Amino acid sequence: MAIWLAKEAREMVRLGRWIPLVAVYLFLGVLQPITFKLMPLILSSASNLPEGTVIHIPPPTVDQVLYSIIGQYNQLGILALILVGMGLIAGERKLVGEWLWSKPVNITHYVLAKYSVFFLVAALSSLVGLGIGAYYTVELIGPVNWSALCQGALLYVLYQAFLISLILLASALVTSTTLAGGLALISIVLVNLLLPMVWQGHFVSGLLELIQATLSQTAWSRSTPFWEPIVTTLMGTALLIGLQIPLLAWRKTSH
Amino acid sequence: MIECKRVSKKFGTFKALENVSFRIPSEKCYGFLGQNGAGKTTVLRMLVGLLRPDQGEIFVAGQSLLTERQKVQKLCGYLPQRPEFYPWLSGEEFLRLSAELVGVPARQAKKAAGKYLDTVGLSEFARRRVGKYSGGMQQRLGLASALIGDPPVLLLDEPVSALDPQGRDEVFSLLKKLKQEKTIFLSSHILHDIEQVCDGVVIIHKGQIKAQGTMPELLKQSGESIVRTQVHFEVDSRLMNQLQAGFSGALQGVGVPVSNVAWQEQGLEQFFYKVVKQAEEEQRQNSSSGQGGAKDGNMAR
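In order, the protein sequence lines correspond to chains C and W. With the working numbering, the residue at position 213 of the first sequence is 213, and numbering never jumps. With the working numbering, the residue at position 297 of the second sequence is 297, and numbering never jumps.
Because the hints were derived from the structure by calculation, they are not lab data. Worth double-checking, as some hints may not be accurate.
[Claimed, not checked] No more than 25 Å apart at the CA atoms, straight line, and that leaves these computed lysine to any residue pairs for SDA-like:
no., chain 1, residue 1, chain 2, residue 2
1, W, 110, C, 26
2, W, 74, C, 1
3, W, 110, C, 107
4, W, 74, C, 246
5, W, 132, C, 15
6, C, 94, W, 129
7, W, 182, W, 136
8, W, 111, C, 94
9, W, 71, C, 251
10, C, 94, W, 81
11, C, 37, C, 26
12, W, 10, C, 250
13, W, 74, C, 248
14, W, 71, C, 105
15, W, 110, C, 251
16, C, 94, W, 108
17, W, 132, C, 96
18, W, 115, C, 104
19, W, 132, C, 249
20, W, 10, C, 96
21, W, 10, C, 246
22, C, 94, W, 167
23, W, 111, C, 5
24, W, 74, C, 5
25, W, 111, C, 6
26, W, 71, C, 1
27, W, 74, C, 6
28, W, 74, C, 26
29, W, 110, C, 37
30, W, 10, C, 247
31, W, 111, W, 126
32, W, 110, C, 97
33, W, 111, C, 1
34, W, 132, C, 11
35, W, 74, C, 251
36, W, 10, C, 175
[To be verified] Heads up, incomplete: computed chain W residues facing chain C, CB under 7 Å, no partners named:
no., residue
37, 50
38, 74
39, 84
40, 85
Bear in mind that the values here come from a model prediction, so they are computed numbers and not experimental data. The C-beta atom is built at its ideal place from N, Cα and C for all residues, glycine as well.
Isolated chain C, as found in the complex (with noise of 0.2 Å):
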């Protein structure tokens, strides 16, 4: 195991495939409290409005901003998270699959290396993004409850790591990157639309409203206990992760 994280963690830097997230996880979480706090002035100035109209709109509280860089990572953070990720199954079986699978892989250790250091960079990157999210938002807007921006932090990372076995899965699927690509991204549209539509407060939709909860520190409302979305989720990521180490397996002899 311990070869595999090394391998994934230099693959990891020496590619630059932290930047993307890295970045994007930064600048979402520095947008949102600018653009809340500047968004009259913007609005004022973008706006071709007639003299004299005055626009009035309320100050953004807390938990708004809060949430709405949530709902950023879940857009471009998608995005990012889809771009760096689609390939590191896929490309690895396209450029070196024929060497890699003529030796004795343990394709568990192989699995949860990849996954564990994707998903630590990805946390690690939507924390810290949060974390100056935050910073800014005191500095700008008002102060944070920092217990429950803890928490709900810890509930999106739970999210991202869903959304991560998902990626790999469909990365383990195909062999073109750009197809993995494609299904990550379709597997995620259907999650996070569908599911909300069939299934409202349980599993991952449950989640995203558990994180909105926690945030604005409201009671959860749904008649499921709140801990519900977390254990599936988490048995979701499970079984998304156990998925892939059958299927390289199969894989191995059709490369």
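For this one, chain C is given, so just place chain W on it according to the hints.
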């Protein structure tokens, strides 16, 4: 040591292998000879567990590949035909990874990497990124990766195809040493390469084994004192005359005898160009090493 029993493989409707059976004894070096597309790479990929046969059985060192693939993979060092490795790792880092994958303890992996880099003549490039290695250097690195962990079986798919003449000689010398203690099965479509190092040969044509045995056995079967390969070409008469004139002239110019050439194939201008270039190169090599004129290029054999 390596045994294939009635192995067949189809890719869609294309029969890549049909009832392939052969046996390679322990601590011998056997060549796997056949044209491009004959099925050599398919067999080698099966032997190392990269492809599953549709039918038949494969045994390596007494272990069935179908049921004990991981064990078999530990016993085999494999050099792919087109070796491609992580371009962002250095040669040494790559070999350490290779070593640990085959079970060399982490503490000894660095030492093993250094030893095998030295064996294949890449010591001075140990810290250079693999992406900056030439094709020949990558092939040497692939050979080192196959050797690391000291596996008893080596499966080498055209191990010298990207090497210059000096590199080929070095690799063949290394293989001659290694065959004292390892079972080596190497593929090539060049008979001369096989003759240099192998004790025996398995000949495959269009997915079927045509002959197998030691060199003396095969020579005895053919009733000749040399192994002869014929090249058949077919071209229209006008082009044939042009090619024959140019080809013979060019080869005579560099002192290579042309014999037993039947013309039965179309569109071979590129091929002739390569042959002439190769003959010229061999002539140049031989002149520079003081061995006189090239007497038997691969084409004339």
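Right, here's what the structure says about each hint:
For the given pair, residue 110 of chain W sits about 38 Å from residue 26 of chain C by alpha-carbon distance, which is inconsistent with the 25 Å threshold. Between residue 74 of chain W and residue 1 of chain C the alpha-carbon distance is near 17 Å, which keeps this suggested pair within the 25 Å criterion. Taken as a hint, the residue 110 of chain W and residue 107 of chain C pair is honoured in the structure, with Cα atoms around 23 Å apart against an allowance of 25 Å. Proximity of residue 74 of chain W to residue 246 of chain C is assessed by CA-CA distance (about 20 Å); at most 25 Å being required, the pair is judged to hold.
For the hint linking residue 132 of chain W to residue 15 of chain C, the alpha-carbon distance of about 15 Å falls within 25 Å, and the restraint holds. Restraint check: the Cα-Cα separation between residue 94 of chain C and residue 129 of chain W comes to about 19 Å, which is no more than 25 Å; the hinted pair holds. Distance check on the hinted pair: residue 182 of chain W and residue 136 of chain W sit about 24 Å apart at the alpha-carbon level, within 25 Å; holds. For the suggested pair residue 111 of chain W and residue 94 of chain C, the alpha carbons sit about 30 Å apart, so the restraint of at most 25 Å is broken.
Taken as a hint, the residue 71 of chain W and residue 251 of chain C pair is honoured in the structure, with Cα atoms around 18 Å apart against an allowance of 25 Å. Taking the CA atoms of residue 94 of chain C and residue 81 of chain W, the gap is near 15 Å; set against the 25 Å cutoff, the hint holds. Between residue 37 of chain C and residue 26 of chain C the CA atoms are separated by roughly 18 Å; this keeps the pair inside 25 Å, and the hint holds. At roughly 18 Å between alpha-carbon atoms, residue 10 of chain W and residue 250 of chain C fall within 25 Å of each other, so this suggested pair holds.
For the suggested pair residue 74 of chain W and residue 248 of chain C, the alpha carbons sit about 19 Å apart, so the restraint of at most 25 Å is met. Taken as a hint, the residue 71 of chain W and residue 105 of chain C pair is honoured in the structure, with Cα atoms around 11 Å apart against an allowance of 25 Å. The suggested pairing of residue 110 of chain W with residue 251 of chain C is violated, with an alpha-carbon distance near 31 Å, which exceeds 25 Å. With a C-alpha separation of about 30 Å, the suggested pairing of residue 94 of chain C with residue 108 of chain W is violated against the 25 Å cut-off.
Between residue 132 of chain W and residue 96 of chain C, the direct Cα distance comes to roughly 16 Å. Compliance with the 25 Å bound is thereby established for this hinted pair. With a CA separation close to 22 Å, the supplied pair residue 115 of chain W and residue 104 of chain C stays within the 25 Å bound. For the given pair, residue 132 of chain W sits about 31 Å from residue 249 of chain C by alpha-carbon distance, which is inconsistent with the 25 Å threshold. Only pairs whose Cα atoms come within 25 Å are accepted, and residue 10 of chain W paired with residue 96 of chain C is accepted, the gap being roughly 24 Å.
Taken as a hint, the residue 10 of chain W and residue 246 of chain C pair is honoured in the structure, with Cα atoms around 24 Å apart against an allowance of 25 Å. The hinted pair formed by residue 94 of chain C and residue 167 of chain W fails the criterion: a straight-line CA distance of about 28 Å is larger than 25 Å. With a CA separation close to 21 Å, the supplied pair residue 111 of chain W and residue 5 of chain C stays within the 25 Å bound. Proximity of residue 74 of chain W to residue 5 of chain C is assessed by CA-CA distance (about 21 Å); at most 25 Å being required, the pair is judged to hold.
Taking the CA atoms of residue 111 of chain W and residue 6 of chain C, the gap is near 18 Å; set against the 25 Å cutoff, the hint holds. At roughly 19 Å between alpha-carbon atoms, residue 71 of chain W and residue 1 of chain C fall within 25 Å of each other, so this suggested pair holds. For the suggested pair residue 74 of chain W and residue 6 of chain C, the alpha carbons sit about 22 Å apart, so the restraint of at most 25 Å is met. At roughly 45 Å between alpha-carbon atoms, residue 74 of chain W and residue 26 of chain C are farther apart than 25 Å, so this suggested pair is violated.
Between residue 110 of chain W and residue 37 of chain C the alpha-carbon distance is near 56 Å, which puts this suggested pair outside the 25 Å criterion. Pair hint residue 10 of chain W plus residue 247 of chain C holds up; C-alpha atoms about 22 Å apart against a cutoff of 25 Å. Our distance criterion of 25 Å between C-alpha atoms is met by residue 111 of chain W and residue 126 of chain W, whose separation comes to about 12 Å. Among the hinted pairs, residue 110 of chain W with residue 97 of chain C is consistent with the structure: their alpha-carbon atoms are about 23 Å apart, no more than 25 Å.
Between the alpha carbons of residue 111 of chain W and residue 1 of chain C the distance comes to roughly 20 Å, so the proposed pair stays at or under 25 Å and holds. Of the pairs offered as hints, the one joining residue 132 of chain W and residue 11 of chain C holds, with about 16 Å between alpha carbons and a cut-off of 25 Å not exceeded. Simply put, residue 74 of chain W and residue 251 of chain C have alpha-carbon atoms about 19 Å apart, close enough for the 25 Å limit, and the pair holds. Taking the CA atoms of residue 10 of chain W and residue 175 of chain C, the gap is about 21 Å. The hint holds against a cut of 25 Å.
Given hint, residue 50 of chain W at the interface with chain C, holds; its Cβ is 6 Å from that chain's nearest Cβ, closer than 7 Å. A distance limit of 7 Å between C-beta atoms decides the matter here; for residue 74 of chain W the minimum to chain C is near 5 Å, and the interface restraint holds. Hint on residue 84 of chain W holds. Least Cβ distance to chain C is approximately 6 Å, under the 7 Å limit. For residue 85 of chain W, the interface hint holds, since its Cβ comes within 7 Å of a Cβ in chain C; the closest pair sits about 6 Å apart.
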